[in-house]
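Trainee: The lines below spell out each chain.
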Amino acid sequence: MTEIIRTANLVKDYSLGKVKVRALNGVDLTIGEGEFVAIMGPSGSGKSTLMHIIGCLDTPTSGEYHLDGVLVSEMEKNQLAMVRNRKIGFVFQSFNLLPHLNVLKNVELPLMYAGAGQKERNLKARQIIDSVGLSERLRHKPAELSGGQRQRVAIARAIVNDPAILLADEPTGNLDSQAGGDILEIFSRLHSEGNTVIIVTHDKAVANRAGRIIRIMDGRIENGDIAG
Amino acid sequence: MAISLAESLSVGLADILTRKVRSAVTVIGIILGVMSIMVVLAIVNGMNKSTLEWMGERGGLSKIEVHQNWAYDFSKGGDASFDLREINYIRQQVPEAAAFNPQTQLNPREMQYGELGYTCSLLGVFPDMVKVEDWPVKTGRFINQLDIDNHNNVVVLGSTTATELFSSRSPLGQYVTYTGNRLLVVGVMEPKFLQNQGGGESFGGENALEYMNQRAFVPLSTLLSKIDPNQRINSLSLQAADPESAKQLRRKVEDIVLDLKRGKRLFMVDSAQEQMEQMKRNSQIFSTIFVLIAVISLLVGGIVIMNIMLASVKERTREIGVRIAVGARRRDVFLQFLVQTVLITGLGGVLGIILGYGVLGGVGKYLKLQVIASAQMIWVALLVSVGVGLLFGTLPALRASTLDPVEALREE
Numbered sequence: 001m002t003e004i005i006r007t008a009n010l011v012k013d014y015s016l017g018k019v020k021v022r023a024l025n026g027v028d029l030t031i032g033e034g035e036f037v038a039i040m041g042p043s044g045s046g047k048s049t050l051m052h053i054i055g056c057l058d059t060p061t062s063g064e065y066h067l068d069g070v071l072v073s074e075m076e077k078n079q080l081a082m083v084r085n086r087k088i089g090f091v092f093q094s095f096n097l098l099p100h101l102n103v104l105k106n107v108e109l110p111l112m113y114a115g116a117g118q119k120e121r122n123l124k125a126r127q128i129i130d131s132v133g134l135s136e137r138l139r140h141k142p143a144e145l146s147g148g149q150r151q152r153v154a155i156a157r158a159i160v161n162d163p164a165i166l167l168a169d170e171p172t173g174n175l176d177s178q179a180g181g182d183i184l185e186i187f188s189r190l191h192s193e194g195n196t197v198i199i200v201t202h203d204k205a206v207a208n209r210a211g212r213i214i215r216i217m218d219g220r221i222e223n224g225d226i227a228g
Numbered sequence: 229m230a231i232s233l234a235e236s237l238s239v240g241l242a243d244i245l246t247r248k249v250r251s252a253v254t255v256i257g258i259i260l261g262v263m264s265i266m267v268v269l270a271i272v273n274g275m276n277k278s279t280l281e282w283m284g285e286r287g288g289l290s291k292i293e294v295h296q297n298w299a300y301d302f303s304k305g306g307d308a309s310f311d312l313r314e315i316n317y318i319r320q321q322v323p324e325a326a327a328f329n330p331q332t333q334l335n336p337r338e339m340q341y342g343e344l345g346y347t348c349s350l351l352g353v354f355p356d357m358v359k360v361e362d363w364p365v366k367t368g369r370f371i372n373q374l375d376i377d378n379h380n381n382v383v384v385l386g387s388t389t390a391t392e393l394f395s396s397r398s399p400l401g402q403y404v405t406y407t408g409n410r411l412l413v414v415g416v417m418e419p420k421f422l423q424n425q426g427g428g429e430s431f432g433g434e435n436a437l438e439y440m441n442q443r444a445f446v447p448l449s450t451l452l453s454k455i456d457p458n459q460r461i462n463s464l465s466l467q468a469a470d471p472e473s474a475k476q477l478r479r480k481v482e483d484i485v486l487d488l489k490r491g492k493r494l495f496m497v498d499s500a501q502e503q504m505e506q507m508k509r510n511s512q513i514f515s516t517i518f519v520l521i522a523v524i525s526l527l528v529g530g531i532v533i534m535n536i537m538l539a540s541v542k543e544r545t546r547e548i549g550v551r552i553a554v555g556a557r558r559r560d561v562f563l564q565f566l567v568q569t570v571l572i573t574g575l576g577g578v579l580g581i582i583l584g585y586g587v588l589g590g591v592g593k594y595l596k597l598q599v600i601a602s603a604q605m606i607w608v609a610l611l612v613s614v615g616v617g618l619l620f621g622t623l624p625a626l627r628a629s630t631l632d633p634v635e636a637l638r639e640e
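Listed in order, the protein sequences are those of chains A and B. Heads up, the first sequence is in this note's numbering, so the first residue is 1 and it goes up one at a time. Heads up, the second sequence is in this note's numbering, so the first residue is 229 and it goes up one at a time.
Source of the hints: derived by calculation from the structure; they are not laboratory data. This one's a predicted model, so the numbers in the text were calculated from it and none came from an experiment. Glycine included, every Cβ here is placed at the ideal spot set by N, Cα and C. Honestly, I wouldn't trust all of these hints.
Claimed, not checked - Partner residues aside, some chain B positions facing chain A, computed with beta carbon under 8 angstroms:
hint, residue
1, 235
2, 553
3, 557
4, 633
With these hints in hand, go ahead and build the complete structure from the sequences.
Mentor: See the structure below:
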């Protein structure tokens, strides 16, 4: 199995005023291509920090992070923006769609920042929206959609650039169990189609969908990095 | 990878359309500022042009005029007029003058031709009048030196005087009578014409120089010896070789006249060149002050825009976080907000120009001022409004582009 993510001794320190807080304390983590992984841990465990670093929204204080064979922990901001755009698809708990853009425009957003032309964007975005079953809602604004529909738009936006990893942060946290189940179905399907899916959650039921659960506690991986 | 400027433009435009009311309020200061700049420049342009036209029609920039000093206290004695002896003396002192025309004007009386009569002003002049006033005859000839030397009973008619007495027939060779003097018509002047100031189309008919067409001219010597021996010469016009030497000649004439009148400031001596320079200075001061006021209003408008954009960045922190998360670079976010600000101010500039045109139409029509809006002004107004956008859009755009995505996504 090809490694898609490999971290070595990841450390992240925050300074809260004069107090230094160590959010990550030496994380060694390997995730293979096509894996479906859940990262679990109580709040304050460092799982959000880990997710931000994996998602290239933040950089580690020390340690190495390889994504898709590239050492991203040494990259500068503009390069990280490119990595986020091409290699990572984010799905957030609160959807984070742009409220004044319609479904189509929201999904086109990563393609726009990738420099795709209007025609290509439109074509690709429509295909992806169709695959999550929202082709009837192209011109709707997020406020006109249900929570489950919004999250499907968010998933469409995350995968439209065909990223190396799909990174979801409590994707069902704001949904009822029915809608949440539908969303997890989509993740399972994407996984079965060969995508690497990483879900950060504290919900055991959600985590059980994954092929492997990584537990994090006090800034360290608890159960090691043993494939499940 | 970077999004193009066109992309930023379309994103910025979409943002503006989403927040129409806010954008409209934001831009009012810019609209008013641009409008004021435009109106002031157009009025100043128009005034300068009007004055130049006026001076051109009245003999050009080389002209020097000696006339009664209205500010002089005549209770101190003195008479603001010359006799022929004084005029000849002055002429000898200024051989460098290209033209020299003393004149005197009788109160309007009736000029008769057969049964017909027309009340007109009779002026006694020198042959140089045509040069000094830059005013040629249309038919026949003007008064010449021989007429002056021989006190000939000849008259040259203004165009209106000629038409009133002779209709379409030629007056040349005919005799008219003025206060009992028979005068041979030897010429008719070209009509003088100056569109009334700022008339615009609706006021266009009025000719500001019509009074000159209602005159008639005789040799100064004839007027003083035969028509009215009590008349004195009350004005003198000269023409310098060129506008530059007009200043020098003016000072010289002033000294001569002052000396002639034993130090009494009975006369004012003006040169068109200096009047025009003074007028230009005045209009420059005027326009500088008003443009400054307009610029202050633009700066205030800019500060308002900066504040609103800063608030907008704060309000849209989460959106910025999302954009960064899906791959926007700092430059993309920076451009998005800067372009948006520039679009707003540029739009304000365009609206200001349109509004300015409206105001200028009103000013031209109701204040009867000549106004000239040039293409150059439009570019200036547009550049200024875009410049304000660049200046005051930078800080909000910088703030947006340096947001920490993790913090931004946490923002509620």
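Trainee: Could you run down the list of hints and mark each one as holding or not?
Mentor: Okay, the hints, checked on the actual structure:
Interface restraint check: residue 235 of chain B against chain A, minimum CB-CB distance 6 angstroms, threshold 8 angstroms, status holds. Residue-level restraint check for residue 553 of chain B holds (minimum Cβ-Cβ distance to chain A is 5 angstroms; threshold 8 angstroms). A least Cβ separation of about 4 angstroms between residue 557 of chain B and chain A falls short of the 8 angstroms threshold, and the interface hint therefore holds. Contact between residue 633 of chain B and chain A, as hinted, is supported at the beta carbon level, the nearest pair being about 5 angstroms apart and thus within 8 angstroms.
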